[in-house]
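Chemist: Produce the entire structure from the sequences given, and follow the hints as far as they go.
There are 4 protein chains.
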Amino acid sequence: MIISMKRHATKAEIEEVCDRIREFGYKVHSSEGEERVIIGAVGIGDVTACLESLEAMPQVEKAVRISAPYKFVSREFRPAKSQIRADGIEIGGDEFVVMAGPCSVESEAQIIETARFVAQHGASFLRGGAFKPRTSPYEFQGLQLDGLKLLYQAKQETGLGIITEVMSDADVGLVAEYADILQIGARNMQNFALLKALGKINRPVMLKRGMSSTIKELLMSAEYIVAHGNSNVILCERGIRTFETETRNTCDITAIAVLNELSHLPVILDPSHATGKRSLVPALGRAGVAIGADGLIVEVHPHPEKALSDGAQSLSFSQFEAMMRDLAPYIALWKQARVAEAVTA
Amino acid sequence: MIISMKRHATKAEIEEVCDRIREFGYKVHSSEGEERVIIGAVGIGDVTACLESLEAMPQVEKAVRISAPYKFVSREFRPAKSQIRADGIEIGGDEFVVMAGPCSVESEAQIIETARFVAQHGASFLRGGAFKPRTSPYEFQGLQLDGLKLLYQAKQETGLGIITEVMSDADVGLVAEYADILQIGARNMQNFALLKALGKINRPVMLKRGMSSTIKELLMSAEYIVAHGNSNVILCERGIRTFETETRNTCDITAIAVLNELSHLPVILDPSHATGKRSLVPALGRAGVAIGADGLIVEVHPHPEKALSDGAQSLSFSQFEAMMRDLAPYIALWKQARVAEAVTA
Amino acid sequence: MIISMKRHATKAEIEEVCDRIREFGYKVHSSEGEERVIIGAVGIGDVTACLESLEAMPQVEKAVRISAPYKFVSREFRPAKSQIRADGIEIGGDEFVVMAGPCSVESEAQIIETARFVAQHGASFLRGGAFKPRTSPYEFQGLQLDGLKLLYQAKQETGLGIITEVMSDADVGLVAEYADILQIGARNMQNFALLKALGKINRPVMLKRGMSSTIKELLMSAEYIVAHGNSNVILCERGIRTFETETRNTCDITAIAVLNELSHLPVILDPSHATGKRSLVPALGRAGVAIGADGLIVEVHPHPEKALSDGAQSLSFSQFEAMMRDLAPYIALWKQARVAEAVTA
Amino acid sequence: MIISMKRHATKAEIEEVCDRIREFGYKVHSSEGEERVIIGAVGIGDVTACLESLEAMPQVEKAVRISAPYKFVSREFRPAKSQIRADGIEIGGDEFVVMAGPCSVESEAQIIETARFVAQHGASFLRGGAFKPRTSPYEFQGLQLDGLKLLYQAKQETGLGIITEVMSDADVGLVAEYADILQIGARNMQNFALLKALGKINRPVMLKRGMSSTIKELLMSAEYIVAHGNSNVILCERGIRTFETETRNTCDITAIAVLNELSHLPVILDPSHATGKRSLVPALGRAGVAIGADGLIVEVHPHPEKALSDGAQSLSFSQFEAMMRDLAPYIALWKQARVAEAVTA
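Chains as they are written, first to last, in the numbering used here: chain A, -10 to 334; chain B, -10 to 334; chain C, -10 to 334; chain D, -10 to 334.
If you are wondering where the hints come from, they were derived from the structure by calculation, not from laboratory data. Some clues are possibly wrong.
Same chains, same label: a pair holds when it works inside one copy or across any pair of copies.
[To be verified] Listed next, the in silico DSSO-like pairs over lysine-lysine satisfying Cα-Cα at most 30 Å (straight line):
id, residue 1, residue 2
1, Lys70, Lys144
2, Lys16, Lys189
3, Lys(-5), Lys16
4, Lys51, Lys266
5, Lys51, Lys16
6, Lys0, Lys16
7, Lys0, Lys266
8, Lys144, Lys(-5)
9, Lys295, Lys16
10, Lys70, Lys51
11, Lys295, Lys138
Modeler: This is the structure in structure tokens:
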């Protein structure tokens, strides 16, 4: 932290500030300028509380944090990119990973049919919601345990890994029995009880960025899971909320490049939720490959217009097939770049 | 819903759309214009899924919802304002309610001292966090059960009602034993597992608006609690996230007037979180009284500069006293207006 | 500015940074901590360019501005609130000022009728657009010179002062002939050619906050006008753009309190544009009085449902009258507070 | 437009609404449902005023626009993509266009040196600001006429086309003498006096999206220029303002795909302003190529750390060269796609 005192702060006031900083466990070094005194604080402590406390002191002009508030998820802590294994597949490595499937698991026919199709066309994970977060209590809430069982059945028939959402700390154990990756939805990114529970399991977690969460807050939520014991965290950009209404959300695609600079964790792009319109999904998917995401998670449904949720943004089978064909040369360039990076590193 | 077809939609395509609407349980009436056909859909069903399904059909130009997606919380359902009783105090009635106390319960001395002071100066509820949602895993997480016990002790010594946050469905029962009102924080406004659990208890709930939640989504989350059995819901505006950084959040004060039009539920303003700066709290508090909030929830700490959280936005004792004095004539006008409304209604 | 160097910066690198700071005209004083060196820069120069230049240097960790980027409009420069006189009426003084009238000047009958009514019910300025900024080229663009003449006629008949918008530096001279206050719309808050032209005239200017402008940027735009020679600037909060769609804009009412802390310039609230719905205007107007705005600017139309623009947010005559009656006791409290402040200061 | 009446609207009230719609020049056709009456309005008129007028009528539940508010810039008006020629170069055609150069023209040496370098490495236009919009009146405001002359000199020495910003309608003629493309900055996107002036010249215009402007508003501003006589408009996505602070703006990359669906006008991406950090520019540039932008505009400076503006986001010469090398295979894929589209169309 750097603390800048007001112009006419007295010696006694400066000493009071230094004492406060020391109470929070930091070492102090101060510097007298012509106009004002500047104080540096070094060490480990509850930075936020310390900053707030200092800003509450009348003689303090400004208190600024210098170092990042997260540690284990940072590139400083681990300079090389992390590879995370789920069901034998590596995420964050040399293969671009595609996760595909319906928004909700609706029936055996629907999920098995979809699983077979996406497996044949390049997906390595099947997505599908058994527990569904819905804005309205009157909307379809998911098949729950039955949905998990259908996903497991699809896995056995196709060999695909399973990724599915968990919404409550009470369900973490149950979902972890069936899923290869536990997905945390945007609305739960700061459900800290849930994050702590995820820290205690032995399964990879994909953490979606909250609708109005900063990149730093996303990393802090990932830090929660890692600090509580589970270092297998995958990040996901799925669009943020802005004033624009042509798309369901606004994809902050640059966040992928920023996350690659700040963190060693893999990053997945969700072009379905980011756009909310199927016609835009393939174009945004290409952009995601080009900017260096580690994979895509895409909604696919045998009959999008009959889907119980997210019909407007789900690709049909033929659209998914066309998208995968369209992406192929971009994925080839992506692989070249990954191999080149590995050689350099 | 109103569905507008594309210009050159054929009769068969129009019929297909009508069939889809009927599958979702609605009645259909269509109207042929010079340029395009417009279809109306009436009834009760999963509106969101139906709209998404229709928008996924190529011949549909636009599908628009007409009626509000919530029911029990609406003014249409209950035209008169609701009064909610907690610990014998009425919220939403003829008394302006002040809830005050520290961000976190830190110690016996701190909470008892604060409770006594705010009780003497016009508060009827004591606020204080025992379970704390913190962005960083390294920040103070609250005293938890010990905090709840200290709140209960403060209640017994002062007669104040207790409002405190619950963060997980697993803790709802425990917190309900100690608190008169359960507070749901902004980050949990769409924690649907928690909302459902709150529907099953016999205690009032104060639901804070999410940082990037619309007014409609706030009402939908309240509808969750009511639809699951608990109609004692209080709403709270605490600022939303925007690009502005001079304040911690941007107080959407108009939301209070909008909520009063759309819903019968009481609305509380939190000027502490809305501003993040204690110097702004009294001015925003006045505005809250003037616009017709049913009460305020305010952070007060015996030594704000030593607080373990939210020091910068907490009022000191003398500042709280001054604010209450400053508010008094505005609250007197507020009461006159309430009484006048009651006479008119 | 405070510049924090990276951990392992060498002496040569530190010296290079100090040289760069000196090139921008600042004095340097540096301080060696245990972990890193911190450099302070004092003086007057192009702060933004200097900060950007420093952040472009690889050995710099962070460069932070300490003092505000504006000067003449700040409370530091002028601790007492400014009173600005227009047509003999003081804004920022002991009288709460109401500006009222239609969005657009449409006809002689409309503007004269409105002027008479609002003059009788407490307004001291007539608002009305002669030059209209419209999102679409196909919308009504205003009566232009004819509109200005009608406003002038209304002034002569009622004695009201005139406030009207100017949209181009080319029109500043013309509008200044007819208007007592020149209004700058939200879309032109950073039209720097226009701001410079306004600096050269001898008429008060009311500067509306841009839809996505920060409070700091609003003050910087006011600084443009003052720095170019015209110190008679009035600020106006009219709502900012957020994700919320229930209201046309989101009123950042706290901005009024923030502006009162940071600047000596008067601040007006526009509850009509801030809400976009007439039913919400009176409630927000009360909040504006309570938080300490210096006045309101409100849209009033003899027949809102026939207005050529902004019909949905315009008050009818009887609604304006009711609002003024409703506001009266709040304005009485406002005056008491102003007089008390004057005594204290 | 579609107008939905309130449930218990009387025949007389419905007729009143129909009359109002006809007054605005539309034809009416109404349809009686079981619950409410729905009215359709067809024709050409001032849609916004009509909608606002209708929403101001008490018996109207909702009034919704169906067709887009712009015409000439839409794909419906012109299904094939437009190619715009500037200085002999086609934008929107089969060649990916790169515009590069410094934020501000600072000196002869700086601009000539930069022009030569970017010309050698694949740019076809030189960018450089002579008139600079700066938030602060104390920042460098550009070399103005001298800057224009230096740009012209650079053009003669290198053969590059020139793109530079114009900030006021008064300067449009002057800038058009020197520039091949006139750039409109984000802050002026709704400077309607300027847009009208641009409609009257015979030079292409590049219109940057406003910081908080919707895609629809961007198209409406383009419509202004076209409706006033100049159909040579190029659109530019440069990031929007959100709550995220890791980047200077948030690049709404999906807007490029949306604009390609809605409009025939070419779209350029500005990854420099969208990110504000040079390390992120190449990655975002790749994403821009992949999603189908027609070109990039990039800030390049011989000594970014000495730049008078935007140093932090400017590429050095070697970084620009590396970026162009990195982009080459993506541009090759882009060309294949363009040729394939042309064959299909």
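Chemist: Checking Lys51 and Lys266: alpha-carbon separation at most 30 Å within a copy, between copies, both or neither?
Modeler: For Lys51 and Lys266, only the inter-copy Cα distance (13 Å) is at most 30 Å; the intra-copy one is 45 Å.
Chemist: For Lys16 and Lys189, with the copy left unspecified, which applies at a CA distance of at most 30 Å: within, between, both, or neither?
Modeler: Result: close neither inside a copy nor across copies, 34 Å intra and 50 Å inter.
Chemist: Within a copy, between copies, both or neither: which one fits Lys295 and Lys138 at a CA-CA cutoff of 30 Å?
Modeler: Answer is within: at 22 Å inside a copy they meet the 30 Å cutoff, but 52 Å across does not.
Chemist: One pair to classify: Lys0 and Lys266, alpha carbons no more than 30 Å apart. Within, between, both, or neither?
Modeler: between (62 Å within a copy, 26 Å between copies)
Chemist: Within a copy, between copies, both or neither: which one fits Lys70 and Lys51 at a CA-CA cutoff of 30 Å?
Modeler: between (36 Å within a copy, 25 Å between copies)
Chemist: Between the shortest in-copy and the shortest cross-copy C-alpha distance, which are at most 30 Å for Lys295 and Lys16: within, between, both, or neither?
Modeler: between (63 Å within a copy, 18 Å between copies)
Chemist: How would you label the pair Lys51, Lys16 (within, between, both, or neither) given a Cα cut-off of 30 Å?
Modeler: both (18 Å within a copy, 20 Å between copies)
Chemist: Between copies, within a copy, both or neither: which fits Lys70 and Lys144 at Cα up to 30 Å?
Modeler: within (28 Å within a copy, 45 Å between copies)
Chemist: Tell me, please, which holds for Lys(-5) and Lys16 at an alpha-carbon limit of 30 Å: within, between, both or neither?
Modeler: both (21 Å within a copy, 18 Å between copies)
Chemist: Given a CA cutoff of 30 Å, do Lys0 and Lys16 count as a within-copy pair, a between-copy pair, both, or neither?
Modeler: both (18 Å within a copy, 23 Å between copies)
Chemist: Within a copy, between copies, both or neither: where do Lys144 and Lys(-5) come within 30 Å Cα-Cα?
Modeler: Classified as neither: same-chain Cα gap 63 Å, cross-chain 41 Å, threshold 30 Å.
Violation of the numbered hints given earlier is confined to hints 2, 8; the remaining hints are satisfied by the structure.
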